[in-house]
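Protein chains: 2
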Amino acid sequence: MSGILYGVGLGPGAADLLTLRAARLIENAKVIAYPALVGGSSFARSIAEDLIPAGVQEIVMEVPMTTERKPAQDAYDKGAAEIAAALDAGENVVCLCEGDPFFYGSFMYLYARLSPKFDVQIVPGVTSITACAAAAGRPLVARNERLTVLPGPLPEAELRARIEGAESVAIMKVGRHLAKIRGVIADLGFEAQATYIERASLDAQVVLPLSEAPESAPYFSMILLTKGADPWL
Amino acid sequence: MSGILYGVGLGPGAADLLTLRAARLIENAKVIAYPALVGGSSFARSIAEDLIPAGVQEIVMEVPMTTERKPAQDAYDKGAAEIAAALDAGENVVCLCEGDPFFYGSFMYLYARLSPKFDVQIVPGVTSITACAAAAGRPLVARNERLTVLPGPLPEAELRARIEGAESVAIMKVGRHLAKIRGVIADLGFEAQATYIERASLDAQVVLPLSEAPESAPYFSMILLTKGADPWL
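So the protein sequences, as listed, match chains W and A.
Every letter in the first sequence is one number past the one before it in our numbering, and letter 146, counting from 1, is 146.
Every letter in the second sequence is one number past the one before it in our numbering, and letter 178, counting from 1, is 178.
In short, the hints are calculated from the structure, not lab data.
Quick caveat: nothing in here was measured; it's all calculated off a predicted structure.
Where hints are given, some of them may not hold.
Where chains are identical, the list cannot tell them apart; a pair therefore holds if satisfied intra-copy or between any two copies.
Once the Cα atoms are required to be at most 25 Å apart in a straight line, the calculated DSS-like pairs of lysine-lysine come out as [said to hold, decoys possible]: (1) Lys227 x Lys173; (2) Lys227 x Lys117; (3) Lys227 x Lys70; (4) Lys117 x Lys30; (5) Lys117 x Lys180; (6) Lys227 x Lys78; (7) Lys117 x Lys78; (8) Lys227 x Lys180.
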């Protein structure tokens, strides 16, 4: 009997924003897997750190930070092969995923490689979007409002068109695209309704009006724009 | 000193998809509050049931199921007054919220009423969107893909325009709007890429291709449409 692969969402970063299901799976794991930067530093592992049992087998996937596909594909090929070996040996494998595995998560590359052959179970996690809304004290969407989620790396013209036609907007992966995004939002006249959030739920969390955001933003940053949610007073 | 109001996301329904923070707050609560149907049945309370301490004070907000605003506003006015009385007496109040408090959550009506005067802390929860993606085994968005979240009650023409211009789409609150939404998706030629999910994460969970969805859907149902996420093989 092959083992089961669990893709476990860890939430936005605070150790107590894991779900009870995620915590139980990690505490009982014999094999865990997670992505890391080249060199081994892993945000996913750091979120779950206090729950990881001593003596667990760790499959570390060192994923190069590049927009080229091939080096990252190679890293997931190698990781998938190591995970498959453990599953074939009958071990369950708990893969640690920042946020939610299926929401901009690299776990889906493992899912594509392994789900045709193995039983894969997904444990959903708290996404950075609602964590940022909680941090900012800004309701995202109510009643029949629409929410548009946009990655910051999109071209300026597309960001402009999408933001213009949207109601609530969450812009992910802001990082080095901050100046471009801020320019678009200011041009459209929405700057006063936009909030900048970095490292939501962590000790280093920052929440600022977009107009006061720093010149350079970390990868884990977001802009929330709500054009006028109706609080139903 | 006034107490703190906690708006606590409970996730999609499974008792073990609460976060550790939510569980700790509920286990230690002296006063809880939650919405219920008229008559007292509460999905939120049922999710948290096993964690609610004996002897806790319960503030039940009976919210009429209607699209008229006034009766619901009155229910939140009354609930907010009861919660304010507990906070003024120095008690913390834990408000139980299905899903996430700021993602189509009725908690925002309490937030609007009480946050000007009291300290309100939001505990984000797993949303139905990622719970449905997990149930369906369908990655939602990767890399620079866009996600559009649409409520099912939107007019047909607007649904059509929004779905046509979108990449990944999550349609919430399907319920009695199922036939309309299915018609739009079929007309646009996307039916084969659409999945119907009801009661994600609960024992009664249903996952079907949209073409096989039942004629009538419960309120807690969703359609996920992914036009072609690239699995990066």
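The hints, checked one at a time:
1. When the C-alpha separation of lysine 227 and lysine 173 is checked against a cutoff of 25 Å, the pair qualifies both within a copy, at 21 Å, and between copies, at 22 Å.
2. With identical chains, the CA atoms of lysine 227 and lysine 117 are at most 25 Å apart between copies only, with a shortest distance of 24 Å across copies and 46 Å within one.
3. In this assembly of identical chains, the alpha carbons of lysine 227 and lysine 70 lie at most 25 Å apart only when taken from different copies (23 Å versus 40 Å within one copy).
4. Taking the shortest alpha-carbon separations for lysine 117 and lysine 30, only the intra-copy value of 21 Å comes in at or below 25 Å, while the best inter-copy value is 49 Å.
5. Within a single copy, lysine 117 and lysine 180 get their C-alpha atoms no closer than 43 Å, and across copies no closer than 37 Å, so neither meets the 25 Å cut-off.
6. With identical chains, the CA atoms of lysine 227 and lysine 78 are never at most 25 Å apart, being 45 Å at best within one copy and 28 Å at best between copies.
7. For the homomeric pair lysine 117 and lysine 78, the shortest alpha-carbon distance inside one copy (16 Å) is at most 25 Å, but the shortest distance between copies (55 Å) is not.
8. Only within a single protomer do lysine 227 and lysine 180 lie at most 25 Å apart by alpha-carbon distance; the minimum there is 20 Å, versus 28 Å between protomers.
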